[in-house]
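Colleague: Got chain R; can you put chain X on it based on the hints?
Quick note, the sequences are listed as chains R and X, same order.
Per the numbering used here, the very first residue in the first sequence carries number 1; after that it's consecutive.
Per the numbering used here, the very first residue in the second sequence carries number 1001; after that it's consecutive.
Worth double-checking, as some hints may not be accurate.
With a straight-line Cα cutoff of 25 Å, these simulated DSS-like cross-link-like pairs (lysine-lysine) come out [to be verified]:
| id | chain 1 | residue 1 | chain 2 | residue 2 |
| --- | --- | --- | --- | --- |
| 1 | R | 86 | R | 65 |
| 2 | R | 109 | X | 1142 |
| 3 | R | 141 | X | 1129 |
| 4 | R | 71 | R | 39 |
| 5 | R | 18 | R | 2 |
| 6 | R | 127 | X | 1129 |
| 7 | X | 1003 | X | 1015 |
| 8 | R | 141 | R | 39 |
| 9 | R | 109 | X | 1129 |
| 10 | R | 109 | R | 98 |
| 11 | R | 111 | X | 1129 |
| 12 | X | 1126 | R | 109 |
| 13 | R | 2 | X | 1142 |
| 14 | X | 1126 | R | 111 |
| 15 | X | 1142 | R | 39 |
| 16 | X | 1124 | R | 127 |
| 17 | R | 2 | R | 20 |
Here are some, though not all, of the chain X residues that point toward chain R, as calculated from beta-carbon distances under 8 Å [stated by the list, open to error]:
| id | residue |
| --- | --- |
| 18 | 1013 |
| 19 | 1066 |
| 20 | 1127 |
| 21 | 1130 |
| 22 | 1131 |
| 23 | 1133 |
| 24 | 1134 |
| 25 | 1135 |
| 26 | 1137 |
| 27 | 1138 |
| 28 | 1140 |
| 29 | 1141 |
| 30 | 1142 |
To be clear, the hints were calculated from the coordinates, so they are not data collected in a lab.
Every residue, glycine too, gets a C-beta built ideally from N, C-alpha and C.
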Amino acid sequence: MKVTVEYISTGDQEIVIKCKKMDSTIQSLLTCIKQADEKIFAVKEREIFVLHSGDIYYAESVDHKVFLYTKSDVLECQDSLLNLEKSLHYSDIVRIGKSQLVNLMHIQKLKSILHSRIEITLTSGDKLIVSRHYSQAFKNKLGINP
Amino acid sequence: MKKWQEIFLFMYESKATAGMYFIAFVFFYLVLGSIDKSMQTSLQFWTCIQLFLACLLIGLGQVIILSKRDLTVWRLILWSGWSLFITILFTEFFSWFAGYPNWYRYTFYGAITLSFIIFGLALKWKLNKETRELNMALHHYKENIDKI
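Next comes chain X alone, as it looks inside the complex:
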């Protein structure tokens, strides 16, 4: 496989996570303005690019850190740590929530942290369920062959 194909596949693997977090980031960026009518919030083009870059780094981190053979708690913690670091770094450096009340920024960090925990648990449950199904199917397959 050529290098550019490998890079493309690498990016492709991260699309779901990056997309999911991009929706969450945009939602958090705009939701307060829609609730509190006294605030004027709109998403600028460059802010949108910043949000996208942060989400892309979270997605790529997931591919690099969690794509190894074993999905371990330590890998999940490492990826969550990396993602939280990216979230805080981008939020603070680009002052995404400069015009918002302070508590809102911390709520955003809290919600993102919670999403990592849910993400990890969901992934683990899904893989465990698939593993059970696979082993049951293998058992049935061997049983049927033995009968023949």
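Chain R extracted, bound-state conformation:
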């Protein structure tokens, strides 16, 4: 598939896909583009902020509340963790536990630990654990197949 990027200085940005028929690859590409443009609304001190998936380092559900951790802030998301995961399915965000999602692009290093779990060190210095239940899906996302 030929990919052409044209830079413009004025006007709206747009993506044009030229295809003979709507196959699964094009469909995935369309979904991916739509998801990449998706905005997430989060609240901090009664102010509403608009975030992109790339801004989120990790998300955590605590007492039925979902918190989004960015580089320097912690914001509350009104959506459930499951809906958040679904809406960010095509992004770099992946589930690592019953109550946590992580953005792969903000991972500094990984460490395999006992009982098929993985320790994540984020670029922010935070440490998270990929539970055994989600470790295979996590590896699959990275391209490691069993």
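Modeller: Here is chain X on its own, set in the frame of chain R:
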């Protein structure tokens, strides 16, 4: 998660180690009798239960001591110490090798100690290998995304 489910999962985690040591214990208990035809060795039901209990304690010890975030040398030493203590305690208390020559008991202790060292090394190598693979995959993933 309910308490009984937690206990079950806890037991489940230890199954591989407990099973491995149970095979080793049974092997040591019976092997001399199969080599030395003058000895009559057979495994009684209660001895089998004792062997199983000892192995279960070794397995559970592994889950408790080595299941923390970091696999450190100190944790391995602690678990090895605990396991060796259980091995010696059960062997001496239940006189497992009463009818055997003395050297055999010490060979058994030596073999079990050696297994702890091998166990620790194998575990460390496996985790290090997986860590390298994970970080390489992460690096490739980020590279590919950056290209897009």
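Colleague: Checking against the hints above, which ones are violated?
Modeller: none
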